[in-house]
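Respectively, the protein sequence lines represent chains L and W. Read in order, the letters of the first sequence are residues 0 to 255 in numbering that gives the first Met the number 0. Read in order, the letters of the second sequence are residues 0 to 302 in numbering that gives the first Met the number 0.
Honestly, the hints are just simulated from the structure, not real lab data. Treat the hints with care, since some could be wrong.
Stated by the list, open to error - Cross-link-like lysine-lysine pairs, in silico, BS3-like; alpha carbons within 27 Å at most:
| id | chain 1 | residue 1 | chain 2 | residue 2 |
| --- | --- | --- | --- | --- |
| 1 | L | K243 | W | K91 |
| 2 | W | K275 | L | K1 |
| 3 | L | K243 | W | K37 |
| 4 | L | K44 | W | K247 |
| 5 | L | K44 | W | K37 |
| 6 | W | K275 | L | K44 |
| 7 | W | K275 | L | K243 |
| 8 | W | K37 | W | K287 |
| 9 | W | K37 | L | K1 |
| 10 | L | K1 | W | K91 |
| 11 | L | K181 | L | K148 |
In this text the structure is predicted, and so the values were computed from the model without any measurement.
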Amino acid sequence: MKYIQGNYIISEKMAIARNIYSFVISCPEVAELACPGQFVHIRAKGYTLRRPISICGIDKTKGTLRIVFEIRGEGTEQIAGLNKGDLIDMLAPLGHGFTVYPDYKKVVLIGGGIGTPPMLPLASAYGSKAVAISGFRNASAVILQDDFKKTGAETILCTDDGSMGVHGFVTEPLQELISKEKPDAVYACGPMPMLKGIAAICKENNVFCEISLEEHMACGIGACLGCACRTKRNDEEYFAHVCKDGPVFNAEEVLW
Amino acid sequence: MADLSVNICGVDFKNPVIPASGVFGYGREYEELFPLDKLGGIATKGTTLHLRTGNLAPRIAETPAGMLNSVGLQNPGIDHFISTELPYLLTKDLVVLANIAGATPEECAEVAAKLDDTDVHMIELNISCPNVKQGGAAFGTSCEMAAEVTKKVRQATKKPLVVKLSPNVTSITDIAKAVEAAGADAVSLINTLLGMRIDVNTRRPILRNNVGGMSGPAVFPIAVRMVWQVANAVDIPVIGMGGVSSGKDAIELMMAGASAVQVGAAIFTDPYAPVKIVEEMNEFLDSKGISSVKDIIGTVQPW
Numbered sequence: 000m001k002y003i004q005g006n007y008i009i010s011e012k013m014a015i016a017r018n019i020y021s022f023v024i025s026c027p028e029v030a031e032l033a034c035p036g037q038f039v040h041i042r043a044k045g046y047t048l049r050r051p052i053s054i055c056g057i058d059k060t061k062g063t064l065r066i067v068f069e070i071r072g073e074g075t076e077q078i079a080g081l082n083k084g085d086l087i088d089m090l091a092p093l094g095h096g097f098t099v100y101p102d103y104k105k106v107v108l109i110g111g112g113i114g115t116p117p118m119l120p121l122a123s124a125y126g127s128k129a130v131a132i133s134g135f136r137n138a139s140a141v142i143l144q145d146d147f148k149k150t151g152a153e154t155i156l157c158t159d160d161g162s163m164g165v166h167g168f169v170t171e172p173l174q175e176l177i178s179k180e181k182p183d184a185v186y187a188c189g190p191m192p193m194l195k196g197i198a199a200i201c202k203e204n205n206v207f208c209e210i211s212l213e214e215h216m217a218c219g220i221g222a223c224l225g226c227a228c229r230t231k232r233n234d235e236e237y238f239a240h241v242c243k244d245g246p247v248f249n250a251e252e253v254l255w
Numbered sequence: 000m001a002d003l004s005v006n007i008c009g010v011d012f013k014n015p016v017i018p019a020s021g022v023f024g025y026g027r028e029y030e031e032l033f034p035l036d037k038l039g040g041i042a043t044k045g046t047t048l049h050l051r052t053g054n055l056a057p058r059i060a061e062t063p064a065g066m067l068n069s070v071g072l073q074n075p076g077i078d079h080f081i082s083t084e085l086p087y088l089l090t091k092d093l094v095v096l097a098n099i100a101g102a103t104p105e106e107c108a109e110v111a112a113k114l115d116d117t118d119v120h121m122i123e124l125n126i127s128c129p130n131v132k133q134g135g136a137a138f139g140t141s142c143e144m145a146a147e148v149t150k151k152v153r154q155a156t157k158k159p160l161v162v163k164l165s166p167n168v169t170s171i172t173d174i175a176k177a178v179e180a181a182g183a184d185a186v187s188l189i190n191t192l193l194g195m196r197i198d199v200n201t202r203r204p205i206l207r208n209n210v211g212g213m214s215g216p217a218v219f220p221i222a223v224r225m226v227w228q229v230a231n232a233v234d235i236p237v238i239g240m241g242g243v244s245s246g247k248d249a250i251e252l253m254m255a256g257a258s259a260v261q262v263g264a265a266i267f268t269d270p271y272a273p274v275k276i277v278e279e280m281n282e283f284l285d286s287k288g289i290s291s292v293k294d295i296i297g298t299v300q301p302w
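Let's have the full structure, built from the sequences with the hints guiding it.
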C-alpha cells in the first residue's frame, strides 16, 4: 500500500444537502494511486485525530479527488469551514478498497445515508452494468442521484419516510433485483443494521458481497490498532483493522 | 547544526526522539512516509508472551487536546516479534526499545529472557498499561509489585532495562525509586492517564472498555511535572513522554530532566511529527548557540 501526506488545494466546494459538503481536491499524485473504496485521512486544525472520509470521485486525468462528507461534530465542522483555494492536509489514499472485476455483467451498489458517496466511483467503474440503490432518512437528505445517473447506472432511490422515491429500506429493492436476476456482486456502505441485512440476503442467495465499514480511528495506516473489527479468517476469529485490512471487507469475513 | 546525540545506559542515540510504544507499531507503516533512520529510536508495540487479540471496538475516543485509547495490548506475541519484526528493525540505523508486558512477573521475565538472546538494544518494561485487567497497571501502582516485576525481569536479561511508569499513582517518585532499587537502568514516563468519555445520547461510554488511557497535548504539563520530580528523585536516566508535539515541547521535557523524549499521539495528528521535532530541536539549539542537546538535560532552574 502506498500513501502520501501533504497539503492540497481545494478546487471546488459545494453544500449539497443540509450539513453535507462536497470538495474537489487537486492532488494528482494521490489521485493517481487511489482506488474505489479507499479513504483519505484529513487533519482538522486544533484536533488531535484526523477524520477518515471516503473517496467519492477519482479523476486521474484531471488529478483530482472528490470527497462528500457530513458535519458530525466539531472536527468535521472545522473541515467544512475550509473554502475553495484553501489547503487541506490529507494522508491518502488509505485502506483496502472494493474489488472491481471488469468481467462482471451486473452489480448492485447500495449506499445508505452518508455511506452513499463511496459507491459513486464504483458506479463510474461499472457504468450501465450497475444498479445503484440509495437510501436516505427523507427527501432533504438525498444526495448524489444525478451523479449516479451520469455514470449510466440505473438508480433506485428509497427514503425511510417515503418523502422521495420508494417508501422503505434498500433491502427491499435488493431482494426484488436478486429474485429477477442474480447479480455477480453486491457492494454496500452505510449503517451497520443495513449492512448486516444486506450481508444476510447475499449469503442466502450466494452472491459475492463486499461492504465498507467505519470505526473510530487514529493512525489510519495500520500501526496503532485502534480501529478493530471482528472478522473470521481461516475459521478463526481475528481482529482486523478497518484502516488497513478494510474499510472494505468481504461480508462473509465480518463477525456481526 | 547542534549535536543531538544522547547516551542512555551506554546506548548511543543519534538524536533523542523516539516514537512511543503503541502509536508506531513495529515501524513498517511509517517507513512508507520517511526513512526510520531519521529517528533516534523506536519503542515497539507492547509485546506479550503469546498473541493477544485486544479489546472490542471502539478503542479510540477524542478528547479536548487529546484522545483516549483502549487497544488492550493487541500484539502477535514475542516469538513473532523476534522472528519477523525485530530483524527488520535491526536493519535500520536506530535504537530498538522492545516494549514488553505480561500478566505476571514470571511472564514478563520469560518475554525478557527470549529477547536476551537477540540483538535488541534495550527493553522497555511496561508496568503501566491501563487497558488490561491483569498485570499492566496493577504492577505499576504499588511499589512492592513494581519492584518485584522489575527484579524478575532484571534477573532474566542483561539488556539495558527501562521501566515505563504509570502516572495513575499517588507518588510516582516512590515507584521510580522502587524500580531503581530493583535494578532498572532507566525509567520512562508518563504512560497514559486513565480517562473516560460518555455519549450523552446513548448514556454509553464511548470506549467499549468503558475507560482508557488519555494522551495528547492535554497531558503535557503533567508529564513535565512528573519527569521533573522523578529526575530529581532517582540517579538513573529518565526518558520523558506525554503530549510532546513540537521541538519546543521536547526541549522543555529535557530541561525538566529527560535524557530523551518519546512522541505518541502527535504522530496521529501529523505522521511526520517525530521528524519535525528533531528538526525543530536543532533549530532551537542553534538559535541559542547551544552546541549539544546534552547540555540542556535537567537544566531547569526552579524558583
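Check: Does the structure keep K275 of chain W and K44 of chain L at a Cα separation of 27 Å or less?
Finding: Distance ~17 Å between K275 of chain W and K44 of chain L Cα, so the pair holds.
Check: Are the Cα atoms of K181 of chain L and K148 of chain L separated by 27 Å or less?
Finding: holds (22 Å)
Margin query: For K275 of chain W and K1 of chain L, compute the direct alpha-carbon distance and say whether it is at most 27 Å.
Written below: Distance ~21 Å between K275 of chain W and K1 of chain L Cα, so the pair holds.
Check: Are the Cα positions of K243 of chain L and K37 of chain W separated by 27 Å at most?
Finding: Holds, at roughly 24 Å.
Checklist line | Pairwise hint evaluation, K1 of chain L against K37 of chain W, where the allowed Cα distance is 27 Å at most | finding: holds (20 Å)
Next item on the list: Sort out whether K91 of chain W lies within 27 Å of K1 of chain L, counting only the CA atoms.
Entry: With a Cα-Cα distance of about 20 Å, the restraint between K1 of chain L and K91 of chain W holds, given a limit of 27 Å.
Checklist line | Restraint check for K44 of chain L with K247 of chain W, where alpha carbons must lie at most 27 Å apart | finding: holds (19 Å)
Notebook entry, point to check: Straight-line Cα separation of K243 of chain L and K91 of chain W no greater than 27 Å?
Noted result: Holds - the C-alpha atoms of K91 of chain W and K243 of chain L are around 24 Å apart, at most 27 Å.
Item checked: Pair hint outcome, K37 of chain W versus K287 of chain W [Cα-Cα no greater than 27 Å] -> holds (23 Å)
Margin query: Hint check: K44 of chain L vs K37 of chain W, CA-CA at most 27 Å. Holds or violated?
Written below: holds (26 Å)
Margin query: For a C-alpha distance cap of 27 Å, please report whether K275 of chain W and K243 of chain L respect it.
Written below: holds (25 Å)
Hint violations for this structure: none, all hints satisfied.
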